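Using the sequences plus the hints, can you model the full thing?
Keeping their order, the protein sequence lines are chains A and B. Here the first sequence stands for residues 38 to 364, numbered as in my numbering. Here the second sequence stands for residues 901 to 1260, numbered as in my numbering.
Quick caveat, the hints were computed from the structure, so don't treat them as lab data. Remember, it's a predicted structure, so these values are computed and weren't measured experimentally. Ideal placement from N, C-alpha and C gives every residue a C-beta, glycine not left out. Take the hints with a grain of salt, since some may be wrong.
[What the hints assert, rightly or not] Short derived list, chain A residues pointing at chain B, Cβ under 7 Å:
#1 Leu156
#2 Ala164
#3 Arg170
#4 Gly171
#5 Tyr174
#6 Val175
#7 Ser331
#8 Trp333
#9 Lys336
#10 Ile337
#11 Ala340
#12 Leu343
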Amino acid sequence: MGKLKLNYKYISLYITILLFSGLFAAGSMLYDGFFSLQVLLNMLIDNAFLIVTAIGMTFVLIIGGIDISVGAVIALICMLSAHLLSVRHISAFIVLPAMLLVGMAFGFGQGYLIQKFKLQPFIATLAGMFLARGLCYVISIDTIMISDPFYMQMSTYKIPMPFDTHISISVVIALATLLAGLYLANFTKFGRTAYAIGGNEQSAVLMGLPVARTKILVYTLNGFCSALAGIVFSFYMLSGYGLHGVGLEMDAIASVVIGGTPLSGGIGFVTGTLFGVLIQGAIQTLIMFQGTLSSWWTKIAIASLLCVFIILHKLIISRREGRKSIA
Amino acid sequence: MSIKEGWERFSKSQLFWPILALAIVLLFNLIFTKDFFSIEIKEGHLYGVAIDILNRAAPLMILATGMTLVIATGGGGVDVSVGSVIAISGAVAAALIGGSLQYVDGVQQFVTNVSMPVAILAALAVATLLGAWNGFLVAKIGIQPIVATLILLVAGRGLAQLVTQGQIITIYYKPFSYIGTGFLLGLPFTIFIVAALFGLTYYMVRKTAMGLFIESIGINASASRFSGINVSKYVFMVYAFCGFCAGVAGLIICSNVSSADGNNAGLFMELDAILAVALGGNSTSGGRFTLVGSLIGALVIQSITTSIYALGVPPEITLVVKALVVIAICLMQSEEFRKTLQRKGSTNRGNQCGKIEAKL
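Quick look at the structure:
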């Protein structure tokens, strides 16, 4: 019985991984040249920023919150670093840590408002989103190109991999974030407290867990992740623009949900999030290989998947609860 | 004494904070913006900044009406898909009407693909259907509202582009633009649409038991079910109605610019709509709601935008100001923040109030 329960907990994670394998297998069978390590690695290269921000989002969803400001924060980080590098000519080694601090401060501010003054996460981060996008336009309404040598190098440097393939620095950053996320979620007091808050906040308070501190920390962590994603994104785009990453927050939330983390909190898998992003990458790649389908089919396909996953979750949960009530 | 009692009752009412917010924004304009309240008559139409605000706030007011009811049903009730529904509704109308200027027997005539009333009805039907889909997921399957409507938010833009084939469709049929730009009795036609829709909704929720049912569902859904209210039926209806409202707003926006843009029509409108409801003094966790408050919330948002333009401040700053105002107003409405203020206020009340004023 105990083993069966464990299965239930992980079932959506298994389905996510299976689905990704299925999509990749289908692509390999349908199109020549799809089945290669480089195609797989390209999915990581093109979605590195999404992986980073989605991992931060996973923690926010685990505590039952939401943060819709991440897309705007990514745009702000791109814009700010482009401005500091190209207009003010400040060294990249000062800009990079400064950007991370900006992201953390932003996340902390939102977390503080949410926790201290009991603002709805949706509304507070909505304000954060307006603020970040607005600040982008205050800096400049035009695109600022980044021509800093360090950024150029980070953008073009290819790390060789076996079988004549390569990855970018961004992938290394994304995978490091993934490992750090896994460690935080599974092996630290902070991670356990986050799960407890999502399960039942009042119980967590009564258990004497540091709820307020952890909640603010989770939003700070998410701010850090979106700043890091912004840095990765600026390596990828080499420019700052106010409309970078529009709708990215929804992509991030969709990846996390497809990865088996429901928005109700208490449950969540960092690994699942990686596969949630990869599934989106696989769909994009499939549509690219197909060639005739227009880009908007990506959105429709992702939304359909999202729908299937959410309904599946609901069925699993109601079945489990049904079992409980019988037992 | 009676004035004091009245004031006390008013200051405790749900409408106190939204009206105060609107008053502050208007007062600010009265002092700093020239000719803000002047209204003149040109060619039999009323013109003026105030009329302009009413006209431009129309889509938002309509959205906020539907959104108020959705948020009032509680349990995290929210519809984040309205922006996408706006795009779809506009796309359907534009694709059906299309239209071109043709010469029939030597006379210029506007020709449509499908007659305009049919196209409008079709667009509204599609929007209501999409709302009903949200309602089905929330009320029948029992999915969290924000998740359920997220599906349509992601898919909606894709669907809208599917309808328009990725193009921006221009509508050449002139009578269609009357909806968004026409005048009736000297006032913009959109104001009448808002009045009609709002009046109908107000009648439905305040003169029938429906409003009470929605509030009771928002406060405690299980208790409402046990007392015999068909919870899933009302929740379903509210979401379908919200879709309908988004459809109407979509038609106004589409008609205003005589074109349908699947990518950008109604972009971020869902956020503005939720904001309007929150600014209107409605609790975002459901229960008691005020439709009038939401309308005032929508007007506050539009007034801020218009006054930024009127002041000649670069429009890029609009978003920053909006964000600061949102934070300030949300803090004013937060019990915890007021308690903190009161604790500190006993020593330096004037100083704190000054800070809020400065933020606004």
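Hints and how they fare:
no., hint, verdict
1, Leu156, "holds (5 Å)"
2, Ala164, "holds (4 Å)"
3, Arg170, "holds (5 Å)"
4, Gly171, "holds (3 Å)"
5, Tyr174, "holds (3 Å)"
6, Val175, "holds (6 Å)"
7, Ser331, "holds (6 Å)"
8, Trp333, "holds (4 Å)"
9, Lys336, "holds (3 Å)"
10, Ile337, "holds (4 Å)"
11, Ala340, "holds (3 Å)"
12, Leu343, "holds (5 Å)"
Hint violations for this structure: none, all hints satisfied.
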